[in-house]
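Engineer: Single-letter residue listing:
There are 2 protein chains.
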Amino acid sequence: MNEFELIARLTQNLPTNASVVAGAGDDCAVLDLGVPDKLILFKTDAVVEDIHFTKETPPEKIGRKALARCLSDIAAMAGTPTAALVTVALPKDFDGEFVAKIYDGMNALAKQCGVAIVGGETTTNPGRILISIALLGTIPRGKQILRSGAKVGDAIFVTGELGGSIAGKHLDFEPRLAEARWLAEHFQLHALMDLSDGLGGDLRHILNASKVGAQILKPAVPVARAAKLRAKENTAAKPPFVAALTDGEDFELLFTLASKDAVKLLDAWQRKFPGLKLSCVGKIVAGEGILVRDRLATHTFNATGFVHFK
Amino acid sequence: MNEFELIARLTQNLPTNASVVAGAGDDCAVLDLGVPDKLILFKTDAVVEDIHFTKETPPEKIGRKALARCLSDIAAMAGTPTAALVTVALPKDFDGEFVAKIYDGMNALAKQCGVAIVGGETTTNPGRILISIALLGTIPRGKQILRSGAKVGDAIFVTGELGGSIAGKHLDFEPRLAEARWLAEHFQLHALMDLSDGLGGDLRHILNASKVGAQILKPAVPVARAAKLRAKENTAAKPPFVAALTDGEDFELLFTLASKDAVKLLDAWQRKFPGLKLSCVGKIVAGEGILVRDRLATHTFNATGFVHFK
Chain A
1 MNEFELIARL TQNLPTNASV VAGAGDDCAV LDLGVPDKLI LFKTDAVVED
51 IHFTKETPPE KIGRKALARC LSDIAAMAGT PTAALVTVAL PKDFDGEFVA
101 KIYDGMNALA KQCGVAIVGG ETTTNPGRIL ISIALLGTIP RGKQILRSGA
151 KVGDAIFVTG ELGGSIAGKH LDFEPRLAEA RWLAEHFQLH ALMDLSDGLG
201 GDLRHILNAS KVGAQILKPA VPVARAAKLR AKENTAAKPP FVAALTDGED
251 FELLFTLASK DAVKLLDAWQ RKFPGLKLSC VGKIVAGEGI LVRDRLATHT
301 FNATGFVHFK
Chain B
1 MNEFELIARL TQNLPTNASV VAGAGDDCAV LDLGVPDKLI LFKTDAVVED
51 IHFTKETPPE KIGRKALARC LSDIAAMAGT PTAALVTVAL PKDFDGEFVA
101 KIYDGMNALA KQCGVAIVGG ETTTNPGRIL ISIALLGTIP RGKQILRSGA
151 KVGDAIFVTG ELGGSIAGKH LDFEPRLAEA RWLAEHFQLH ALMDLSDGLG
201 GDLRHILNAS KVGAQILKPA VPVARAAKLR AKENTAAKPP FVAALTDGED
251 FELLFTLASK DAVKLLDAWQ RKFPGLKLSC VGKIVAGEGI LVRDRLATHT
301 FNATGFVHFK
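Going line by line, the protein sequences match chains A and B.
Numbering (our numbering) for the first sequence: 1 to 310.
Numbering (our numbering) for the second sequence: 1 to 310.
Please keep in mind that the hints were generated in silico from the structure rather than gathered at the bench.
Misleading hints may appear alongside valid ones.
With a Cα cut of at most 27 Å, we get these calculated DSSO-like pairs of lysine-lysine [claimed, not checked]:
hint	chain 1	residue 1	chain 2	residue 2
1	B	K92	A	K61
2	B	K264	B	K218
3	A	K92	B	K111
4	A	K151	A	K228
5	B	K218	B	K111
6	A	K55	B	K92
7	B	K55	A	K92
8	B	K264	A	K92
9	B	K218	B	K143
10	A	K228	A	K169
11	A	K111	A	K169
12	B	K143	B	K61
13	A	K272	A	K238
14	A	K238	B	K92
15	A	K228	A	K238
16	A	K211	A	K169
17	B	K61	A	K92
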């Protein structure tokens, strides 16, 4: 049983109540707690030593990444983050100075994004550090953009460049909060999420939730320089295009909207965010799964994104 | 640096914003997210294998305990729980059946308490299972009962019986949600919390936050049968009264209110909750720390409650 199979099983019969607008299965849960003009976003995300960071990672970057991953999920709903709780599980022989620096990195990003850190806890985890962040946010009432809204004919977009984030970006990425809110305010997005497991894996979540397929144009996928460099330096590394589709932790936005809005969006984006690439990488089609088109032919894309458990 | 010293250091300069009514340092954070008649409670709590449960603990009880601990924190604010996210960190060789049973135990308690489970994540934690729950709840606006409101002359109350919970109660306890809400609706509580680290340790949190001291009447402390049995069976075990003050995981309510309301409360409680003991164990006094009075003399109580890191 891999991670996705386990999650599918665990999420079958979850208890629910009248507050739930969207439960398990999207980037954040969406709750109606009675705020007249807003819905509440609720998300947790954990980073674990030797998986998401190493003993060599500077502690400030560990703390920053732990919060940034969660912020990226709020961005994936075009939301505004509000308040976070922090759980730090530590070996018994922990270094207080090290933990304080984890908080320094986290607090700096929280301040930058207007997020309050309202508590949490420390507990013992022999062997390794684990940090779990719980984050609340808000979206305008009725404006939730889920994974399930993609329609046949939609254009598929990604922000930034994909692949090779292990070279450094996985620690330094900027959660696309402002970009996602701007998109939601100015365009009618049909589906939206953030890329944590690679375009090839994450796009499948939109396709499955929306019961559609996708055709990706290989030359249109923005491959990050880091992915190209890795392939050049190491013949055993993934080819750059495969890295762009299957490397995890890009933390860019993936979204679809009606094709008729695509050119208008690209124009407006370039004026608003001149420093950040926006790429139309393909279109939503009838059927299921991902087809990849290059100049010569159309291929089925079978590789999945990053899966925690094998 | 022990757990409390580390927390004191980490909570010094936390980022805040206009939504924060009460941040780190109470049982739950209290947030104003714009619900006209309510404030939002926000809490996380983690259980770790070999600390809060063992390899022998039935998985249903592990899941139940993970959620029940968090629910007890909502009770500690006299709140109503709403929705939870569940983070399960698992060794790579996890047994899916075992994890499903953890969820069974958690889901049963969630249904009983009207809580929706709205998602979460699984991640890898080589070596041991760790479960972190993030929980949202609500309280009537302006009705938060913090640890900082105890006043000189207040009577100090505890529900249930204390000590020896390791014999079984730590897995089977009932979060005192209904009792706390009833108390808050019918009496003006000055301070309220739940007992997770023992009366001796937790009462100090109220005393420190309220800048007062306490006098405990030894014969008035309700010692659990489990604590008495342990002392009888094992001469190396804590004396029962010490166990009642220092054993962790009682998950009973600890609160103070004006002495003039004490008799009225005891009367009303007996009618409302005839199956659950309520004990007046002492009073709030000027000064600091805990004095223990028995028939012969008054002693200073120096022992602290359970501290995770030594």
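Engineer: Please go over all the hints and tell whether each is borne out by the structure.
Structural biologist: Going through the hints against the structure:
| no. | hint | result |
| --- | --- | --- |
| 1 | B:K92 / A:K61 | holds, 25 Å |
| 2 | B:K264 / B:K218 | holds, 23 Å |
| 3 | A:K92 / B:K111 | violated, 36 Å |
| 4 | A:K151 / A:K228 | violated, 32 Å |
| 5 | B:K218 / B:K111 | violated, 39 Å |
| 6 | A:K55 / B:K92 | holds, 20 Å |
| 7 | B:K55 / A:K92 | holds, 20 Å |
| 8 | B:K264 / A:K92 | violated, 47 Å |
| 9 | B:K218 / B:K143 | violated, 32 Å |
| 10 | A:K228 / A:K169 | holds, 14 Å |
| 11 | A:K111 / A:K169 | holds, 21 Å |
| 12 | B:K143 / B:K61 | violated, 33 Å |
| 13 | A:K272 / A:K238 | violated, 34 Å |
| 14 | A:K238 / B:K92 | holds, 25 Å |
| 15 | A:K228 / A:K238 | holds, 9 Å |
| 16 | A:K211 / A:K169 | violated, 32 Å |
| 17 | B:K61 / A:K92 | holds, 25 Å |
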